[in-house]
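Could you build all of it, start to finish, from the sequences and the hints given here?
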Amino acid sequence: MTMLFGRPAEPERTVVRTDLDETCPACGSTAVQGYPLLEVTGWCLVARCADCLHVLRREPSPTPFGFSYVPYSVHLR
Amino acid sequence: MSDQVALEIIRSAFFATVRQAGRIILRSSFSPIIRDAFDFCVTLIGPEDLERGLAHDVVAMNESLAHFSGVMPFMVRNLLWEYGVENLCAGDLLAINNPFKGGNHVYDNGFYKPVFVGDRLIGGVAVKAHLMDMGGVTAGGYSTRKRSLFEEGVVIAGVPVYKDDRPWTPGFNLYFDNSRLPDNMVADLQAMHSACTFAEERLVALAETHGVDTVHDAMAYTLDYADRSMREGLRALPDGDFVGEDGIDADAFHDTPYVVRTTVRKRGDEVEVDFSGSTREAASSVNCSVFDAANGVYTALKFLCDPHNPNNAGAFRCITVVAPEGTFITARPPAATTMYFDAAEAVFNAVTKAIISGAPPGSGFGGHYGSNMGLLMTGSTEAPPSGPRRAGGDGVAERLAAATQSIPVVLEDGAGSGRKLFVAPMLALGGFGGSAEGDGENFVSMSQQNLMDMSIESIEEDHPIVVLRKEFVADTAGPGAHRGGAGVVYDRMLVGDADVYPMLLHLRILPWGADGGGAGRPGGAWIGEPDGGPAAQRWLGAADEDVRPLGGYFDGSGTATAPHEGRWHSGNADIAAAPGTLLRVRTPGAGGWGAAWTRDPEAVLRDVRDGFVTLDGARVDYGVVILGDVDEGPDELCVDLEATEVLRS
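Note that the protein sequences, when read in sequence, are chains A and B.
Numbering (the UniProt record's numbering) for the first sequence: 1 to 77.
Numbering (the UniProt record's numbering) for the second sequence: 1 to 649.
Among the hints, erroneous ones may be present.
[Said to hold, decoys possible] To give a feel for the contact side, a few chain A residues facing chain B, derived at Cβ under 10 Å:
#1 VAL15
#2 THR18
#3 ASP19
#4 TYR35
If you are wondering where the hints come from, they were derived from the structure by calculation, not from laboratory data.
C-beta atoms are modelled at their ideal positions from N, C-alpha and C, and glycine is treated no differently.
Here it is in structure tokens:
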């Protein structure tokens, strides 16, 4: 549950991309990375090729609000 | 599958429906910021029909405020996820204004109405509009100094305001009891319901005429149509990784810049925009949510790649956003987001700069003026009603005021204290950048807005404010073969006590020039304090040197200078202003396109005659020598071709 009042300590924020030991089936590149992504349909985690942007896998976020903000209303579900 | 002709007819009907519903809001809302400033939108929403690829998508949207176009898909899905589709009933109108669930700020209130045929949910209608006061610490809302969402106003997420198409009192009371301007709320909420009901009736009529399945086929077709159109535009751009940067000047408590860093990765007909490296959340209300950042991306790419096809969520399928949470453009609750539009505008600028950096030579364009340079003026006055229309009886004055004024609103308490509350958010318009097509426009709204400027007469009629000056400023446009739009100066003088909340957030960064064109000239804000003498006379003759810098970069004499060439003044401090106080804002000029010294001398002559360029400016910025006297004989000015050729050689 996130309900933050303080600002992040780091002056700049960066998305961490995890290198995955996979090959892109679309272009053959081995630059496949895992990271969170916002699509117009909502947040998801993807395995995506950094060279051609092909998405190998997509896992939707459990809530539509992102990965660190979960509204209190989930307690009612 | 339905036939193509039927699908195309229904696609057009979707857009005709939202446009007509938008006109209902324009005609019937009371808040001038909705009706005059176009601070609203109407959207048609699809059902959940996974076989057709539909998941409560925004199928059609009218042309109003672009700040809303990209947040509505998130607002609708988030609302329905929390509220539960199974709990929807015909005749419901659900309200939501939580910025972290639906984007924008708490003053932008969204409403969703489900549409049923029998027991089947066939779609919905969603609208959003700016309601002028939602409580909070500042009347009218606009201030850079609020530290959290809780200071901004009441927060709503999924509360019915209508049930069975009748007003539901507890829902209305959320608005009545938390707003300083409940009179406007009645009409505005009724306008939202009327627009939604009209669109609902049209959607049901389409279903009766063509069948529900055909209407849903048409929704999928409409989304796919926009998707194809956008991808076609994207394919015209070169592939590559491009970077762009923009930002805002400071928050109210930290005088340090907030930077949007973008890396735009474009491959074929897909784009990924990564905001890694952007500055953390701000400590006051200059943040925006990630949905607004996404909208800045969507709007920039739609503007650049597919400006003519009507908007819907299909146009944004090919765009993905990598967003580190906790930056000032991806703020988390309970960060304050009142000034979300300046942060979102910085996103638009950063993405646009990145795309332009990779575009073919000559295809760029100059940056727009970049900041509303807002001043919220609010307070109460004992001044008696100022005009004859004030004698029109209870409520008539407000309705008449609403019919003639723009953003400002007033509330009179004639039966009580006799005082008049006024809330006047004074925003500024400015220029757009030049391009290969021609000079930039001179007096327009920013890229994600459709604001119209308020009339001077109504401002003076309804508020203790006198507008002394509103005019273009010579030599402010970014020079170029095609120059940018000119800066605009506004002089507004208070004739009563007021709290003034400056919102000056984009003066460290100049509007960019493109393809050899010059950057726009810097803007600035000044304040003149009264000395007990006749104030208006004094201010009418006051140069920038005669008043005190309020926001921007200034040299020792008080003249606005380019960034880092003078002393910086952060313009976000609240002001307790006395009668006679002058507030001057000057928007930056917009960026030029192409080398200025290749500009057609006749175009420079025209600009000198029209007051956009001075004789000195023509010589220094454009290398054009013009003979004659601008004031005494503007039609007798002429270009000294020989001297111009020498100067330009």
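Against the structure, the hints come out as follows:
no.	hint	verdict
1	VAL15	holds (5 Å)
2	THR18	violated (13 Å)
3	ASP19	violated (15 Å)
4	TYR35	holds (6 Å)
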